[in-house]
Amino acid sequence: MAARGGILAILVFICSCAAAAAPAAEPAVTAISPLRDNGHLACRILTSGLPGERLLSSMRSGIVSAVDLEVDVLDAHDRRVASALVTFQLAFDLWDEIFSVRVEGREHRLDDLAALRAWLARPPEIRLLPVADLRLMDEPLVLRGSLTLHPIAPRDRLRVQDVIAGTGAEDRNEATVSFGKLIRFFYRDQDKANDPTSAVRSRPFAVEELSHAVAP
Amino acid sequence: MQSLRSRLLILVLLATLLPAVPLSYAVRTLLDHSLNPATRDQSLLGLEAGLEESRQALHLRKETFLAAVSQAWRPQMTVIDPLVESGLVPLDADGHRDADAVVPDAVRTASPPVDGEPRRFDDWLVTARRAADGGTVLFAQPLPADMVARADEITGAISLLNSLRLDSGAVRRSFVLPFLVAYVLTFGVTLTIALWAARRTARPLEDLAAGARRVGEGDLDARVAAPTGGEIGDLAAAFNAMVERLARQRRDLARLEKMAAWRNMARVLAHEIKNPLTPILLAVQETRRSYSNDDAHARALSDCETIVTEEVEGLRDLVRSFSDFARMPQPEPADEPVGALIEDLGRLYGDRLNTADVPVDLHWIFDAAQIRRALVNLIDNGLTACRRADRQESVQLEAALVDDALTWTVADRGDGIPAEHLDRVFEPDFTSGGGGMGLGLPIVAGIVEGHGGRIDISSGPEGTRFVLSLPRDPEKENLR
Chain A
1 MAARGGILAI LVFICSCAAA AAPAAEPAVT AISPLRDNGH LACRILTSGL PGERLLSSMR
61 SGIVSAVDLE VDVLDAHDRR VASALVTFQL AFDLWDEIFS VRVEGREHRL DDLAALRAWL
121 ARPPEIRLLP VADLRLMDEP LVLRGSLTLH PIAPRDRLRV QDVIAGTGAE DRNEATVSFG
181 KLIRFFYRDQ DKANDPTSAV RSRPFAVEEL SHAVAP
Chain B
1 MQSLRSRLLI LVLLATLLPA VPLSYAVRTL LDHSLNPATR DQSLLGLEAG LEESRQALHL
61 RKETFLAAVS QAWRPQMTVI DPLVESGLVP LDADGHRDAD AVVPDAVRTA SPPVDGEPRR
121 FDDWLVTARR AADGGTVLFA QPLPADMVAR ADEITGAISL LNSLRLDSGA VRRSFVLPFL
181 VAYVLTFGVT LTIALWAARR TARPLEDLAA GARRVGEGDL DARVAAPTGG EIGDLAAAFN
241 AMVERLARQR RDLARLEKMA AWRNMARVLA HEIKNPLTPI LLAVQETRRS YSNDDAHARA
301 LSDCETIVTE EVEGLRDLVR SFSDFARMPQ PEPADEPVGA LIEDLGRLYG DRLNTADVPV
361 DLHWIFDAAQ IRRALVNLID NGLTACRRAD RQESVQLEAA LVDDALTWTV ADRGDGIPAE
421 HLDRVFEPDF TSGGGGMGLG LPIVAGIVEG HGGRIDISSG PEGTRFVLSL PRDPEKENLR
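Protein chains in written order, with this note's numbering: chain A, 1 to 216; chain B, 1 to 480.
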């Protein structure tokens with residue numbers, strides 16, 4: 001009996017170590033569901049792993065991070081019918097020591113990391129287009145949602161750009177201004193290359209069933 | 001020669017590339033130092049300390065705010081309380097109600113936890129209380145502007161420093177890439193210039209090498225297009241001059257060899273023909289003398305003797321020409337009066353020779369007998385050409401000093417010499433068909449060369465013109 005208990009303890013220990021050693025799950029969009037919202041085609045996106053280590057590290061350094069959620073409405077031939085892009089700006093207020101999420105001009109202040117994770121796991125619905133615009137579509141549609149992470153939000157990147165190669169200083173001549181433009185160009189160009197992206201597709205759905213759609 | 005071009009190209013490229021290595025290292029080091037200054041950590045520490053102080057100030061401010069809210073809060077308050085405007089109670093900095101406060105929308109729509117810690121919305125502290133009617137009453141108080149500004153400065157600086165650190169790789173690349181683009185452009189321009197310069201430098205040398213190869217294979221017509229100026233231009237000009245000299249010497253050598261062969265043959269012929277002439281002539285004369293009768297046979301013998309004598313004299317003239325050509329003696333120059341020779345020739349040819357006056361005291365160094373023979377040959381040829389052209393027999397003879405040389409000009413009004421024959425008129429085997437053995441002009445050429453001089457000839461339908469140029473010092477010219 002004691003031996004069985006010992007083996008069980010060892011197994012638990014091994015599992016704990018494995019769990020600790022396993023890399024944290026990368027942020028990803030896990031599900032996307034169409035729904036109807038006041039005569040509009042909308043969707044609810046579920047994510048996991050947000051904000052993730054990289055974004056969290058940035059935020060704790062006082063850097064504003066960003067998460068782009070892009071939703072495409074595709075027809076049966078994978079042609080894009082409509083799309084929407086929502087950006088969540090994530091920040092940690094170093095002064096007040098709370099998290100905040102700013103989306104479409106509205107700020108949500110969240111007391112701790114758990115609240116932030118919960119908020120990000122189930123972000124607000126995203127409105128896509130009026131259902132009336134889809135009445136003529138008799139083919140099933142598919143939603144494709146993609147997630148793009150920016151450890152440094154584009155707004156903060158602009159600030160860095162301005163610091164390393166700004167054009168505001170009066171003592172800069174034309175040559176340095178031109179060189180600064182090149183530097184800004186290459187700095188901006190590296191923005192997308194560094195950020196990972198994940199994507200998910202919804203089940204095919206018909207416009208008619210949207211009236212019965214409910215959020216998962 | 002291709003390797004010379006390659007070497008030049010490699011040299012230029014190395015001269016361009018090699019400085020780039022230490023320069024790149026220096027740029028990278030400077031960039032690293034700029035992006036990661038040694039003072040950054042100290043700066044961060046200082047900023048963190050300032051931030052901590054700001055946090056404490058904010059904490060105190062929150063406590064003061066909560067105290068003020070406790071003072072203002074009445075449990076019986078409702079959202080329709082006249083003292084509560086739209087569920088919001090603004091407080092001033094001292095904690096008193098401020099009905100005139102301009103509250104931002106972000107504060108009006110804020111949703112802090114009810115009865116919880118105050119939160120900061122748009123630089124206002126906001127807290128919520130549950131109203132008696134179940135609604136929520138918000139209390140809000142603005143934070144001092146200087147306090148907010150100081151905190152913003154500190155957090156902004158921390159954020160910027162950390163952004164630069166977090167994104168240092170991208171920042172470094174964004175600096176390096178423009179330099180790389182500029183360097184690649186510069187390198188491209190340098191490469192183009194290097195290619196152009198290498199080709200421009202190597203091409204004349206390649207042409208020279210090709211010319212030298214052609215000369216080595218015996219083609220003395222090879223010439224190099226010399227670039228104007230510079231050492232390579234001088235080299236090309238010297239090469240062309242050298243080849244020109246070689247070609248002239250080769251022509252002279254060939255002609256001298258030919259002349260020598262002809263002279264040898266002429267000497268043999270003269271010897272072989274001359275010896276039997278006298279016995280032939282004596283035998284014929286003896287035959288005629290031994291027959292004393294005066295009849296038809298005697299007359300026939302006499303006619304034969306006349307014919308044979310004339311032919312033998314003709315052969316003797318021929319032998320004399322051969323001998324003269326074969327035994328061209330070395331000239332014996334002396335100081336001679338030019339006018340005397342002209343007068344002598346004038347007496348010899350009479351009206352057929354037109355002469356121009358020359359200064360009485362004009363003397364020159366030459367072998368008078370040989371020059372006289374050369375002039376006689378040219379005058380005879382000229383008169384023959386006039387006859388052939390059915391023109392008046394008239395030859396012009398002039399002597400003048402030109403460029404430190406005595407020039408004799410003999411011009412006739414004959415039918416001229418075809419252009420394709422001009423190069424061959426001084427060869428022994430060439431004859432214009434005007435009679436003679438064609439040895440007159442070769443003899444002239446031999447005499448002039450013996451004096452170190454030069455013959456120029458020009459000819460056309462209106463006649464032919466020979467110009468003999470004699471240097472003052474024939475021996476010195478011959479040495480050259």
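There's no promise every hint is true.
To be verified - Once the Cα atoms are required to be at most 20 Å apart in a straight line, the calculated EDC-like pairs of lysine to aspartate or glutamate come out as: (1) K62/B with D111/A; (2) K62/B with D162/A; (3) K62/B with E97/A; (4) K62/B with E52/B.
As the list claims (entries may be wrong) - Here's a subset of chain A near chain B, in silico, CB distances under 7 Å, partners left out: (5) S61; (6) G62; (7) I63; (8) L94; (9) W95; (10) D96; (11) R109; (12) L110; (13) L113; (14) W119; (15) D156; (16) L158; (17) I164; (18) L182.
Simulated from the structure, these hints should not be mistaken for lab results. On a predicted model such as this, the values are computed, not experimentally measured, just so you know. C-beta: ideal position from N, C-alpha, C; glycine also.
Hint by hint, here is what the structure shows:
no., hint, in the structure
1, K62/B with D111/A, "15 Å, holds"
2, K62/B with D162/A, "35 Å, violated"
3, K62/B with E97/A, "13 Å, holds"
4, K62/B with E52/B, "15 Å, holds"
5, S61, "4 Å, holds"
6, G62, "4 Å, holds"
7, I63, "5 Å, holds"
8, L94, "5 Å, holds"
9, W95, "4 Å, holds"
10, D96, "5 Å, holds"
11, R109, "5 Å, holds"
12, L110, "10 Å, violated"
13, L113, "16 Å, violated"
14, W119, "13 Å, violated"
15, D156, "6 Å, holds"
16, L158, "11 Å, violated"
17, I164, "6 Å, holds"
18, L182, "4 Å, holds"
Checked against the numbered hints listed earlier, the structure breaks hints 2, 12, 13, 14 and 16; every other hint is satisfied.
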